[in-house]
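Top to bottom, those sequences are chains A and B.
Under my numbering, the final residue of the first sequence carries the number 505; numbering is consecutive throughout.
Under my numbering, the final residue of the second sequence carries the number 505; numbering is consecutive throughout.
Treat the hints with care, since some could be wrong.
Repeated chains share a single entry, so a pair holds when one copy, or any two copies, can fit it.
Straight-line alpha carbon distances no greater than 30 Å define the calculated BS3-like cross-link-like pairs of lysine-lysine that follow [claimed, not checked]:
1) K339 - K81
2) K80 - K339
3) K243 - K442
4) K465 - K355
5) K204 - K334
Treat the hints as calculated values from the structure; they're not laboratory data.
Protein chains: 2
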Amino acid sequence: MTNLQKEDFSKWYIQTIQQADLMDYSPVRGCIIFKPDSYEIWEHIQEEFNRRFKKEGIRNAYFPMLIPESFFTKEADHIEGFAPELPWVTEAAGEILEERLALRPTSETMIGTAFSDWINSYRDLPYEINQWANVFRWEKKTLPFLRTSEFLWQEGHTAHETESEARRRTLRMLTIYKEVVEELLAVPVYEGQKTPSERFAGAVDTFSIESMMKDGKAVQAGTSHYMGTKFAQAFDIKFLNRDNEHVFAHTTSWGVSTRLIGALIMTHGDEQGLVLPPRVAPTQVVLIPVGPWKKNPEIVERLAAIQKELLAKDVRVKLDDTDNSPGYKFNEWELKGVPLRIEFGPRDMENNQVMTKLRDQSEKVAVKLDDLEDYIFTQLDLMQGRLLESAKEMNRANEYTNIDTLEELKAHIEAKKEEGEVPGWVLAGWDGTEESEAKIKEETGFTTRNIPYAPPVLKSKCIVTGEKAKHTVWLARAY
Amino acid sequence: MTNLQKEDFSKWYIQTIQQADLMDYSPVRGCIIFKPDSYEIWEHIQEEFNRRFKKEGIRNAYFPMLIPESFFTKEADHIEGFAPELPWVTEAAGEILEERLALRPTSETMIGTAFSDWINSYRDLPYEINQWANVFRWEKKTLPFLRTSEFLWQEGHTAHETESEARRRTLRMLTIYKEVVEELLAVPVYEGQKTPSERFAGAVDTFSIESMMKDGKAVQAGTSHYMGTKFAQAFDIKFLNRDNEHVFAHTTSWGVSTRLIGALIMTHGDEQGLVLPPRVAPTQVVLIPVGPWKKNPEIVERLAAIQKELLAKDVRVKLDDTDNSPGYKFNEWELKGVPLRIEFGPRDMENNQVMTKLRDQSEKVAVKLDDLEDYIFTQLDLMQGRLLESAKEMNRANEYTNIDTLEELKAHIEAKKEEGEVPGWVLAGWDGTEESEAKIKEETGFTTRNIPYAPPVLKSKCIVTGEKAKHTVWLARAY
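Chain A extracted, bound-state conformation:
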């Protein structure tokens, strides 16, 4: 056991995701290969969101990836926000294109243009769709899963008759994000509103769920935007309302991406490697023959029978009967974060039992073969809940709510550094000005994460100016 996670979190992260066979680098700058285990985590995330979206009456669709340059220039804030990161197709089939085509960074412009054609009357509203797609943002600094030039995501886009209905949709999606990220990934989140400087390019209001990693840094895990009628005006999304007037629709958009995989790893991983919540683990249970098992073929036969029974009940279970030593196998499957290991050898067979070990527990437990199936279902459920609870505890231990000035914040960061501890998140008063926000970032590297719906404490004074605080905000370093 090393102390790498504690000593050099970044190195631990890169080493873990590579050793656990989740990803590989690509020769193209900032692009990664999602190997089968990370892609399967993404598929479980997709399944759960698809189930929830369907319940909401939101349907999937697919829009072209290439977006003409002229589309972007229609909404001024939008182009300003995305232009610096766009890759461009300028040639195709041996010819220079008349107009450059951007690789989509997000699809508001493409879908806005379509909505303009499709929406004519209040009877067409709400119009609510979602897209699963690859998107591109050519960023300077990249990090596997968390910030890559190409990533996978879902982007929902809706149009509504009224502001209140659009705002309800915006907030409803944030709630769904919170539920799925907490229940499926066991990653606790902080819901709140983004400050104006951190809004999505072109949005009226942006809401986010933010999560705290084990190194105390924040990951923006999902965002939901209320666009007002800004995009409707830019793309001419007008409809005949109930009073027979042509008016602009109110639109929203919302997304989560493959960065959730990064957040999952940085929330639960430990010095031994990944720790995967059972609901998204590609392998939930691994069966390993132990002792002098090769002399008795019945050992592997019994394990194969257990595997078959579990597969029939939709448990994702592997049998590792390779030639490697049990110790090697234990390490490898721990590194991969498999929730439950089951060992079975000649002595266990005599006793009609198996030895079990949960990834987040240190003791092994003997379980009678007759009780095994119940034990597995119960323990996987318990572990799912336990991971969420221990992440919440980790979060609480790293929340600081009694820091009132920039000097105190700087001293806090310094002190934690000296102790070899993470600086965590700091709840602060903010006067609502961009100047104060910029000063916090400049002097501490902390940025406003969001304005929480329900802050644990209401801060009355701005951490920068000492003036009356307009909002209470979470401050943290962020990925």
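Assemble the complex: chain A is given as a structure, and chain B must be docked to it using the hints.
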């Protein structure tokens, strides 16, 4: 009822897919928007293939979309085949790239590079993965679903120890394609081997399933390629074999795309619009209140109750209680190809029954409410099988096996044209030369579709030269 399908099949196709709300054009040349109904058909196709791939032990992964130019030049035939259709990213984030990046037309080069790193020993083999992705081919002539600049597909890539194992995988995937296309889409296919001139760029052997559309033209519905060690040599995919020698792996690739949606429509659609096989129909059953239903709220309540029960049994069912007239609704849902319509009005309520109409049958049938659920499941199953059978009949009626010379073929095409009938497919002898193949195409517009595994007749003489035939091939016009 019009005769548009018979008189102008292309116009019928474009009009039908637009009116049925399956797609819309995009401002970018040759790109289309997959609206929710067509995207859902694709999702059902994906589900079924994922289920089958998983059974085969093939896992999903995701590789970067952008491919450096230098990758393509490694396999000479491959670059020659794809270069004319590639779109290129030349700038990103305000800078000109040092090396152009292609938008993937297929991922052999990217995945070959990865396999080279990942595969070291025979113990790593077989390495079998699949990717669901968007791909780009900038073609001159495009047609929604069947040939678009951007399309969606799956591409499987495998590496093996031996030729025989790789060839078994190649043919096994073709069998899976045949089964899924016939059982799920009810589109009968013709299995066979492509001629050398129609092979995938860089393959040793290409196999295809081809299907016949109602206008007698062919759609290549899926392909599977055995690459030999050509890509392994180009990308250095070497492994230590059981004799402790470094040798090249044998690779395969195989794919189906969203053109299956086009094939589905052109196989089953009729003058009234789409006809969708129940297993892939986004809406399988539509409930429509009829008669003076608005005066009696119980009508819609009862329909809502039926809907709820069916939804609970995973039937995809809609209730249309809009203000449109029943006649309007009947037409609209027929146009959309919904397999089963259920009408229910005050008189039906008195008789404790509903009136039902299957999309491919002309009579309405009264069904007692108590029997409805059974009726629905039985009839949807029967319809699924009936569609496959009637497509097979259509195929057989348009197969010609008694044409022996090019003159006869030209006369056949001319005669069919005069009769206003489709020229169909022609089974012909071929001497195996490129010259003969080119001549057929030049003089008749027919191309070799494939060399069937089991031709209905073996042709002994080449249709062009009259010499001894090397193969019996299917000839047809193709999309």
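Comparing the hints with the structure gives:
In this homomeric assembly, K339 and K81 come within 30 Å of each other (Cα to Cα) both inside a single copy, at 25 Å, and across copies, at 15 Å. Proximity of K80 and K339 under a CA criterion of 30 Å is satisfied in both settings, with 25 Å inside one chain copy and 16 Å between copies. For a Cα distance limit of 30 Å, the shortest separation of K243 from K442 inside one copy, 13 Å, qualifies, whereas the shortest one across copies, 72 Å, does not. In the homo-oligomer, the alpha carbons of K465 and K355 never lie at most 30 Å apart, since the shortest distance is 51 Å inside one protomer and 62 Å across protomers.
Taking the shortest Cα distances, K204 and K334 sit within 30 Å of each other only across copies (28 Å), while inside one copy they are farther apart (35 Å).
Of the hints listed earlier, the one the structure fails to meet is number 4.
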